[in-house]
Amino acid sequence: MTFIIACASSKGGCGKSTLAVAIGGVYASNGSSVLLIDADTRRRLEDEWYNPKTVSSNISVISTRSEDIAKAVEAQRDKYDVIIIDVEGSANWGLAEAIKAADFCLVPSNVSFQDLRDAQRVYDHVESLNSESKRYRHCWIVWNRVPPAIRSKEMTATMEEAVANGLRVIGTVHERDAYKAMFSYQSTLDKLRAGNAVPSAAKAESEIARLITAMHDELQKKAA
Amino acid sequence: MNEPMSRASLRPPSIKREPIEEDDAKLTELAKNNGFAASGGPSSPPEPNRAPPVISPQGQGQGQGQALSLRERRPPKEIRSVAFNCKMKPSVKARLDEICVERGISQADLLEELVAQYE
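Protein chains in written order, with the UniProt record's numbering: chain A, 1 to 224; chain B, 1 to 119.
No lab work stands behind these hints, which were simulated from the structure alone.
For glycine and all other residues, C-beta sits at the position ideal for the given N, C-alpha and C.
Straight-line alpha carbon distances no greater than 35 Å define the calculated DSBU-like cross-link-like pairs of lysine-lysine that follow:
id : chain 1 : residue 1 : chain 2 : residue 2
1  : A       : 203       : B       : 87
2  : A       : 79        : B       : 26
3  : B       : 16        : A       : 79
4  : A       : 71        : B       : 32
5  : B       : 16        : A       : 203
6  : A       : 153       : B       : 93
7  : A       : 79        : B       : 32
8  : A       : 191       : B       : 16
9  : B       : 93        : A       : 203
10 : A       : 222       : B       : 16
11 : B       : 32        : A       : 222
12 : A       : 71        : B       : 26
13 : A       : 221       : B       : 16
14 : B       : 32        : A       : 134
15 : A       : 153       : B       : 89
16 : A       : 221       : B       : 32
With beta-carbon atoms standing in for the labels, derived distance ranges:
id : chain 1 : residue 1 : chain 2 : residue 2 : range
17 : A       : 151       : B       : 101       : 16 to 22 Å
18 : A       : 135       : B       : 95        : 56 to 62 Å
19 : A       : 75        : B       : 23        : 20 to 26 Å
20 : A       : 62        : B       : 26        : 27 to 33 Å
21 : A       : 57        : B       : 87        : 50 to 56 Å
22 : A       : 154       : B       : 105       : 15 to 21 Å
23 : A       : 168       : B       : 115       : 39 to 45 Å
24 : A       : 214       : B       : 100       : 35 to 41 Å
25 : A       : 214       : B       : 22        : 26 to 32 Å
The task is simple: from the sequences and hints, build the whole structure.
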């Protein structure tokens, strides 16, 4: 059965599309068929990133209006191993629908108090949805664009704040050129890694692989 | 070290999804109450670029009424550590840090004392 992931945040610019592409790329390069549902009105995935000449044939992209996310998921379910929903950075219907459809909500958040507020809002919504719904949805924060070398006091305080507020953090995605390069070259991390085309691609791919493994571990724990 | 993990661990898990009768209206109402679903939806006009800010009756929407207290939980500005917005010799910076640690005071306190002494 299809594993459905929502890159869910009401905050714009927190890295939802980048995370969706990075995760989709790693799944695809390991043999899974992946559908990216682009429900952002800017259609970044379909218009700016997806290029059938440079992207693996294991990956497909469709754009949909936010009000049609549920229908799109229903229509495509079971045709793919993984469906990743990317939404607009807004607390709109699309975000609510993506969360409702997902098995796993990943909430990317820059390490700032402002972003954390938005992340907490999504997290709280998923928690309340779980209490009312018959189906459980995982919801985890992903720290995004974390500098690899230096961590400021402000960042440390924000990370501590998240823990103090009971938010669950599944992983960290560092600031790396490779993530930007995925859009510049309309490609995925595995292709950017090949031949050391983008030096940070291998590290980026590894951290996304760890993130995916952590998601699988959490699913297994919950199922057990 | 930088090699990706094994293919097996990166295969998506099989999710059992038995048909479940969900109360869609209830879940939609919940989303609205939580400040989501502010725009769009089957009965709405075409989706605008950005959703307007919404403050729900429960005060859970965007803005001031939000039930979060992240900002409030931070220490007041005056007792936060100070990031010196100037270039200084590393030895001076190190000495400042040493004094702060020795005396158990913040950089802000130390600056306050120095200013007081100067005046």
